[in-house]
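Protein chains in written order, with my numbering: chain A, 1 to 561; chain B, 1 to 287.
Worth flagging that the hints you see were computed from the coordinates, not collected in a lab.
Note that CB positions come from ideal geometry on N, CA and C, so glycine has one too.
Be careful, since some hints might not be right.
[What the hints assert, rightly or not] For lysine-lysine, the following DSS-like pairs were computed, each having C-alpha atoms within a straight-line distance of at most 30 Å:
| id | chain 1 | residue 1 | chain 2 | residue 2 |
| --- | --- | --- | --- | --- |
| 1 | A | 417 | B | 203 |
| 2 | A | 445 | B | 269 |
| 3 | A | 61 | A | 381 |
| 4 | B | 270 | A | 417 |
[Unchecked claim] Far from chain B by the CB rule (all over 10 Å, computed), these chain A residues:
| id | residue |
| --- | --- |
| 5 | 59 |
| 6 | 81 |
| 7 | 220 |
| 8 | 448 |
| 9 | 452 |
| 10 | 460 |
| 11 | 489 |
| 12 | 522 |
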Amino acid sequence: MNFEISLRIGGEAGDGALTAGNIIAKIFSRHGLFVSTYKDFPSQIRGIHTNYTIRASSQKKFARPSKIDFLFALDKESVFYHQHELKKNGIIIVEEKVYEGINFREDLKIFKIPFIDIALKEFKKGVFKNSILLGVFSEFINLEESYFKEILKEIYERKGKEILNTNLKAFEIGKNFVKENFKGIERIDFPPKKENEFILISGNEICAISAIYSGCRFFSGYPITPATEILEFLSKFMPKFDGIVLQMEDEISAINAAIGAGIAGLRAMTATSGPGFSLMTEGISYAGMTETPVVIVDSQRAGPSTGMPTKFEQSDLFHAVFGGHGDIPRCVLAPSHPEEIFGFTNLAFNLAEKYQLPVILLLDQFLSQNLFTINLPEIDKFEIERGKFTEGINREFKRFSFTEDGISNRTYLGQEKIFHITGVEHNEEGNITTYAVLRKKMSEKRFLKLNYLKKEMPEPLIFGNGKNVIVTFGSTRLAIEEILDEFKNLKLVVIRGIYPIRDDLKEILNGEKIICIEQNLSGQLSFIIEKIVKKEVIKILKYTGRPFYPEEIKEKIKKIL
Amino acid sequence: MNQEKIYEGKKPGWCPGCGDYAVLNALKKALAKKGIPPSKIVIVSGIGCSGKLGDYVATNSVHTLHGRVLPVATAIKLSNPELLVIGASGDGDTYAIGISHFIHACRRNPEIIHIVMNNQVYGLTKGQFSPTSLKGFVSTSTPYGVQEEPVDGVLLALESGATFVARGFSGDVQGLTQIFEKAIEHKGFSFIDILSPCVTFNKLNTYDWFRERIFKIEEPFGIRYLPRAIRFVREALEEGKFLTGVIYETKKLTLSDFLLKDKEIPLVKKKLEIEKEEILELFSLFK
Chain A
1 MNFEISLRIG GEAGDGALTA GNIIAKIFSR HGLFVSTYKD FPSQIRGIHT NYTIRASSQK
61 KFARPSKIDF LFALDKESVF YHQHELKKNG IIIVEEKVYE GINFREDLKI FKIPFIDIAL
121 KEFKKGVFKN SILLGVFSEF INLEESYFKE ILKEIYERKG KEILNTNLKA FEIGKNFVKE
181 NFKGIERIDF PPKKENEFIL ISGNEICAIS AIYSGCRFFS GYPITPATEI LEFLSKFMPK
241 FDGIVLQMED EISAINAAIG AGIAGLRAMT ATSGPGFSLM TEGISYAGMT ETPVVIVDSQ
301 RAGPSTGMPT KFEQSDLFHA VFGGHGDIPR CVLAPSHPEE IFGFTNLAFN LAEKYQLPVI
361 LLLDQFLSQN LFTINLPEID KFEIERGKFT EGINREFKRF SFTEDGISNR TYLGQEKIFH
421 ITGVEHNEEG NITTYAVLRK KMSEKRFLKL NYLKKEMPEP LIFGNGKNVI VTFGSTRLAI
481 EEILDEFKNL KLVVIRGIYP IRDDLKEILN GEKIICIEQN LSGQLSFIIE KIVKKEVIKI
541 LKYTGRPFYP EEIKEKIKKI L
Chain B
1 MNQEKIYEGK KPGWCPGCGD YAVLNALKKA LAKKGIPPSK IVIVSGIGCS GKLGDYVATN
61 SVHTLHGRVL PVATAIKLSN PELLVIGASG DGDTYAIGIS HFIHACRRNP EIIHIVMNNQ
121 VYGLTKGQFS PTSLKGFVST STPYGVQEEP VDGVLLALES GATFVARGFS GDVQGLTQIF
181 EKAIEHKGFS FIDILSPCVT FNKLNTYDWF RERIFKIEEP FGIRYLPRAI RFVREALEEG
241 KFLTGVIYET KKLTLSDFLL KDKEIPLVKK KLEIEKEEIL ELFSLFK
């Protein structure tokens, strides 16, 4: 039997929805369920409505759920915005202070709890609401109480015994309140515990760990939502591996410093989102021209301009593929699933070094910042491949020598033989030139590499073998995958190697109807697909800043077929 | 003299009489005196006439984008502390498009040298005013004269926390050589603003013009008290004069000291692979 539960905690930013939600997510994950979360947070630290959704399933389902079983409403907005998303006879636990004057749906099971008053009465500052909430929740589900206590202990023990005890007390208070005030609650049953090696982790954290594993020893960045966690994680852990992390003054310096480290001979990375990615454009052009490996993570958010910093979108595709002046050799990769991020980050570093060019790793707010239950990556499968990087060079060494595949030998700076790097057009030795024949030859050399890189680009994922083709990229795949079984005539193609385009893609995309599902207004993937298949595609687009619900896609496909 | 030969790069393409020749000669003299092998030197240059310096010295060179000398140079030094990293830039490159990198480099104290060849004009684009052009300066983009206050790199560096601040003059190769030698010896961010006349596009700030306005600092090791250094420079500027020599020097924790645990083996020579267990340990944080 398939099991599934979704719950949402809504409240004011600062109410503790995140902490409580993360603990619940961890409990589900340890129980052996696949968990995914969905943060719907404002770009503001306090005092505005925010909500956090946790979905747990016996199947690997990671899309944003359209219906929820359980709602904690700590502010009025939570009821207004979310009660219609509760399933029939769903449970709503509402803060007593916001209860008055609200019209509730009649089918709902409503439980009024004075979280604020309890917190104020028991604890001076009215804090620890999240632990009270956990206590309350524990009375609505059939799961071992020890899960809760174990995790509370792990989180709060390092903050001191007193804080731990207070949280444990708050947990008990929540529990007891439910026991004393509500009789005969039908607890939600869970399947038995499944032994597992699960971890519960965000895409940004997977990316950061993979970077360390993949030999990245230089990271320069600038804080930006939703990529900041990569900077933070590496700042903390990179020194253990003798690596360097610099928070720079802006994204321009971040990309240029990363390129500097790449020129020096290190594996280097930077991570950003739309506005920062725009600033990094000059660096993409410079890295392409100087044939310097560098990995640029762009965690897409809703644009343009500042857009909606905490919200989701897939609208940087054009910029990733086409952004920058001049003819730039580059590579664009887009993992479509949390489980792919480790391998794709590793691949990004390998391709950057083997082909000596900038590699853009496209993530998005959904993959980056939400938590997912994944199995430990099979680390042994991933290696460090440095291509034509060599430790020593002889006197014949020419940094930009013409070769059969366009790839020249590369080494670290500071060898017996000196060499030159420049963003100006140059000859094989790196000396500047404007000589027409050489200019042509050098431009072609840089692009020749793409012919070989193309063959190493990740294959698209293919689900089903229907006559109509659905094509997508990035985390949009997660929602489509869940409704695929409902249609007989479909083939889903998930493109993960965006640029350069594999030669077999045209054949794979061959279908009666081609439907492109992506989350931006301009149909950026559609544009590229149309170029490949040389016919018009049908677009299913969303650009509200919130990812597709699986059901939404189902309805839209139905209309088309 | 022979020692200098090994640093001889391509034949310079600067205008005859350009102040940058003096910078080039003084730099080669200082490098020769210190006996630093060319293979262990990287000149990181920007865009502008000054940016050509890397071509004219036979060392490793990295020619960056306009204004980005400092992020690149900082990263190279951290990646490989064995290298002597010298930034070569101009007044447009450092004080206009790259000014934020400059202030933050002063704060960070990377162990690099940064030379600004300051000719108070955009030479490579043929004569527009620069951030150091004096008020009233008539240029191709200021036919009615410059309205803006000029930037003074030395003052800015002092205020931003630089640990070695000097000003040189292209009319004094010997003085310039001495400054370079001291800059090489200094552990930290060595900043040198060089008054380097443009004989083609700046007919105002000529060699003679500077000779009348320059006075050398008397303290051979610079002023050790920051507020005093700032006051001296400020007062000189107020009187329309330029203080030259090593103006200020101090010791502070460098970026390398703070970030690099192991300074013996440069990061670029370390193996990239790590133990599987170390990665599993990171993942175990998310159990």
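Hints, verified against the model:
{"no.": "1", "hint": "A/417 <-> B/203", "in the structure": "violated (42 Å)"}
{"no.": "2", "hint": "A/445 <-> B/269", "in the structure": "holds (29 Å)"}
{"no.": "3", "hint": "A/61 <-> A/381", "in the structure": "holds (25 Å)"}
{"no.": "4", "hint": "B/270 <-> A/417", "in the structure": "holds (20 Å)"}
{"no.": "5", "hint": "59", "in the structure": "holds (21 Å)"}
{"no.": "6", "hint": "81", "in the structure": "holds (30 Å)"}
{"no.": "7", "hint": "220", "in the structure": "violated (7 Å)"}
{"no.": "8", "hint": "448", "in the structure": "holds (23 Å)"}
{"no.": "9", "hint": "452", "in the structure": "holds (23 Å)"}
{"no.": "10", "hint": "460", "in the structure": "holds (28 Å)"}
{"no.": "11", "hint": "489", "in the structure": "holds (40 Å)"}
{"no.": "12", "hint": "522", "in the structure": "holds (29 Å)"}
Hint violations for this structure: numbers 1 and 7, all remaining hints satisfied.
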